[in-house]
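Chemist: Taken in sequence, the protein lines are chains A and B.
Quick note, in my numbering, the first sequence goes up one by one and the last residue is 687.
Quick note, in my numbering, the second sequence goes up one by one and the last residue is 700.
None of these hints come from the bench; they were simulated from the model.
As the structure is a computational prediction, the values presented were derived from the model and not from experiment.
It is possible that part of the hints are untrue.
According to the in silico footprint, chain A covers these stretches of chain B (three or more CB under 8 Å from chain A) [to be verified]:
(1) 492-502
(2) 540-548
Here are the simulated EDC-like cross-link-like pairs (lysine to aspartate or glutamate), alpha carbons at most 20 Å apart as the crow flies [claimed, not checked]:
(3) K465/A <-> D516/A
(4) K549/B <-> E560/B
(5) K630/A <-> D499/B
(6) K549/B <-> D500/A
(7) K465/A <-> E520/A
(8) K584/A <-> D499/B
(9) K565/A <-> D587/A
(10) K520/B <-> E482/B
(11) K660/B <-> E633/A
(12) K665/B <-> D500/A
(13) K679/A <-> D668/A
(14) K584/A <-> D496/B
(15) K660/A <-> D632/B
(16) K665/B <-> D625/A
Simulated DEER-style distance windows between Cβ atoms [as the list claims (entries may be wrong)]:
(17) K564/B <-> E645/A: 32 to 42 Å
(18) L631/B <-> E645/A: 46 to 56 Å
(19) E529/B <-> Y458/A: 20 to 30 Å
(20) P667/A <-> P656/B: 19 to 29 Å
(21) E645/A <-> F517/B: 44 to 54 Å
(22) V684/A <-> E611/B: 34 to 44 Å
(23) V684/A <-> L631/B: 37 to 47 Å
(24) E529/B <-> K584/A: 37 to 47 Å
(25) D643/B <-> E664/A: 29 to 39 Å
(26) P653/B <-> P641/A: 46 to 56 Å
(27) D643/B <-> Q562/A: 20 to 30 Å
(28) E555/A <-> R481/B: 50 to 60 Å
Quick reminder that beta carbons are idealized off the backbone N, C-alpha and C, glycines included.
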Amino acid sequence: MIISIASGKGGTGKTTIATNLAVALGRGVNLLDCDVEEPNDHIFIQPEVTYTERVSLKVPEVDMDKCTLCGRCQDICQFQAIVVVGKTVLTFDELCHSCGGCVEVCPEDAITERDREMGVFESGHRDSLEFSHGRLFVGQVMAVPVIERVRAAVQPDKVNIIDAPPGTSCPVISSVKGTDFVILVTEPTPFGLNDLKLAVGMVKILNIPHGILINCSDLGDTKVTEYAEQEHIPILLEIPFDRQIAETYSRGKLLVEELPDWKAKFIHLYEKITDLVRQE
Amino acid sequence: MKELIVISGKGGTGKTSLLGAFASLAKDKVLCDADVDAADLYLILEPDIRERQDFQEGHRAVINLDKCTECGLCRELCRFDAISPEYKVDPIDCEGCGVCVYFCPEDAIDFPIKTCGELFVSETRAGPMVHARLGIAEDNSGKLVTLTRKKAKELSEKRGLNLILTDGPPGLACPVIASIAGASAVLIVTEPTLSGQHDMDRVVELANHFGIPASICINKHDLNLDMTVAIEQYARDRGLPVMGRIPFDPSFTKAMVQKQTIIEYDGKSQAAQAVVEIWEKLAARFDLDTGQAM
Numbered sequence: 408m409i410i411s412i413a414s415g416k417g418g419t420g421k422t423t424i425a426t427n428l429a430v431a432l433g434r435g436v437n438l439l440d441c442d443v444e445e446p447n448d449h450i451f452i453q454p455e456v457t458y459t460e461r462v463s464l465k466v467p468e469v470d471m472d473k474c475t476l477c478g479r480c481q482d483i484c485q486f487q488a489i490v491v492v493g494k495t496v497l498t499f500d501e502l503c504h505s506c507g508g509c510v511e512v513c514p515e516d517a518i519t520e521r522d523r524e525m526g527v528f529e530s531g532h533r534d535s536l537e538f539s540h541g542r543l544f545v546g547q548v549m550a551v552p553v554i555e556r557v558r559a560a561v562q563p564d565k566v567n568i569i570d571a572p573p574g575t576s577c578p579v580i581s582s583v584k585g586t587d588f589v590i591l592v593t594e595p596t597p598f599g600l601n602d603l604k605l606a607v608g609m610v611k612i613l614n615i616p617h618g619i620l621i622n623c624s625d626l627g628d629t630k631v632t633e634y635a636e637q638e639h640i641p642i643l644l645e646i647p648f649d650r651q652i653a654e655t656y657s658r659g660k661l662l663v664e665e666l667p668d669w670k671a672k673f674i675h676l677y678e679k680i681t682d683l684v685r686q687e
Numbered sequence: 407m408k409e410l411i412v413i414s415g416k417g418g419t420g421k422t423s424l425l426g427a428f429a430s431l432a433k434d435k436v437l438c439d440a441d442v443d444a445a446d447l448y449l450i451l452e453p454d455i456r457e458r459q460d461f462q463e464g465h466r467a468v469i470n471l472d473k474c475t476e477c478g479l480c481r482e483l484c485r486f487d488a489i490s491p492e493y494k495v496d497p498i499d500c501e502g503c504g505v506c507v508y509f510c511p512e513d514a515i516d517f518p519i520k521t522c523g524e525l526f527v528s529e530t531r532a533g534p535m536v537h538a539r540l541g542i543a544e545d546n547s548g549k550l551v552t553l554t555r556k557k558a559k560e561l562s563e564k565r566g567l568n569l570i571l572t573d574g575p576p577g578l579a580c581p582v583i584a585s586i587a588g589a590s591a592v593l594i595v596t597e598p599t600l601s602g603q604h605d606m607d608r609v610v611e612l613a614n615h616f617g618i619p620a621s622i623c624i625n626k627h628d629l630n631l632d633m634t635v636a637i638e639q640y641a642r643d644r645g646l647p648v649m650g651r652i653p654f655d656p657s658f659t660k661a662m663v664q665k666q667t668i669i670e671y672d673g674k675s676q677a678a679q680a681v682v683e684i685w686e687k688l689a690a691r692f693d694l695d696t697g698q699a700m
């Protein structure tokens, strides 16, 4: 089972839901933080990291002794990452998507690949809860290769909980694609609703069962609830604004540990999701 | 011409509400929404769209099954596992690298250009605005951000407006880098939480990496005063100017529901006054604007 948590709009509470759900369930759970641009789950989980790996992407390197400046590498590259200039060939690592086209097309076998490091993958645990996350290096453009490394840590025999980044484009797609259920976290405001609609559009394209969780449910208006009814999307849980919750979050603490009522609510959330997945 | 970008690292810290308020305060400017993934500024400013243009970028492989002999070369060469055993290309997995197109011995793969979104030039009650919409599940968001900012720059030159106020996306990677590259200044909106501080730390490093002058402000500062003090100290230690604090105030949400900025909704509220102070400090520090619209 893989449950992913996405939102469209940022700051709606994805991290709160992912970490509290994971800790409430505890044993047999594998939490994966795929927001590699701004990972936050570790702040709440405080995992003991037992494994670290550099994440890299293959980029071309040209052997100028073999190169005849034929320009085929430049022609095949869709990303302007390899260019023949005068009597040399320039490569732009930042633009390279690592498709291997230039290596394949070079008639002189003058192009080889080397690793370019773009981030780090870490895994570990907190008691019986397993944990993985990735961290993109500052200044790196592409988050997806690091996200894919985190996704590779999914364990089929466990309950995997994936915390996705905000938005609806490539980093989110690679985080939620192939998961069994998406929790869409939103807030009942015009911004929340607008971005929720985009997120619903995305999970529909990916054809993943989904439900809505409304955070700060008493701030704003009723339009999110009306939209959910109209679209027949189940509302999984509503969490009202509460200064105690906001303060607990601000200190990097977990609701299920500081405010004991919440543990049962998160376990109930999980049961609701397993029922919905079973119905599919 | 000056361009100020509001970013945050962490999402949901109040970038758009704050930028909307600046739109009510600054005079003679172009507004630009560079959060093309989840563009929300239009919900407050209700733009009247005057010009729209398709955003076309990149290609996607499409196999012509009539010509395909199922030799398997494309599946072998594709590093993105985008081609199924039935020789269908998954449009989401396809990276648009064209390797399969180039090597197909039967010339059976088309490579049409993609339309990934739309760009708009509009008029609003706060001035002209450039905004965009990235198609759902599309890529190339960084390039659309660059295009949106370029259009805003053209518009500011055409109209003789010397200021661009840009709402940036959350995060740290391609769309954020595209938003801040070459900007005059960034304002980082953070919140007094460990997450907010952690994420701010990373965008500060990003702004430094690209040599863009950065400043910060703390939204909902009264939700954790100790954290607010700690973040301000952290900023001072790094020579980062602190532009101010904004209290937690449900009026921001109420204003949003009414499609108003906080200045329009309740200009006398504490939160609105805090925003005015931040704007004045920013304008003075980065020489953004000499007058006030209100």
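Chemist: Kindly indicate which numbered hints from before are broken by the structure, ordering the numbers from low to high.
Modeler: The structure conflicts with hints 5, 10, 12, 17, 18, 19, 26, 27, 28, although it agrees with all the remaining ones.
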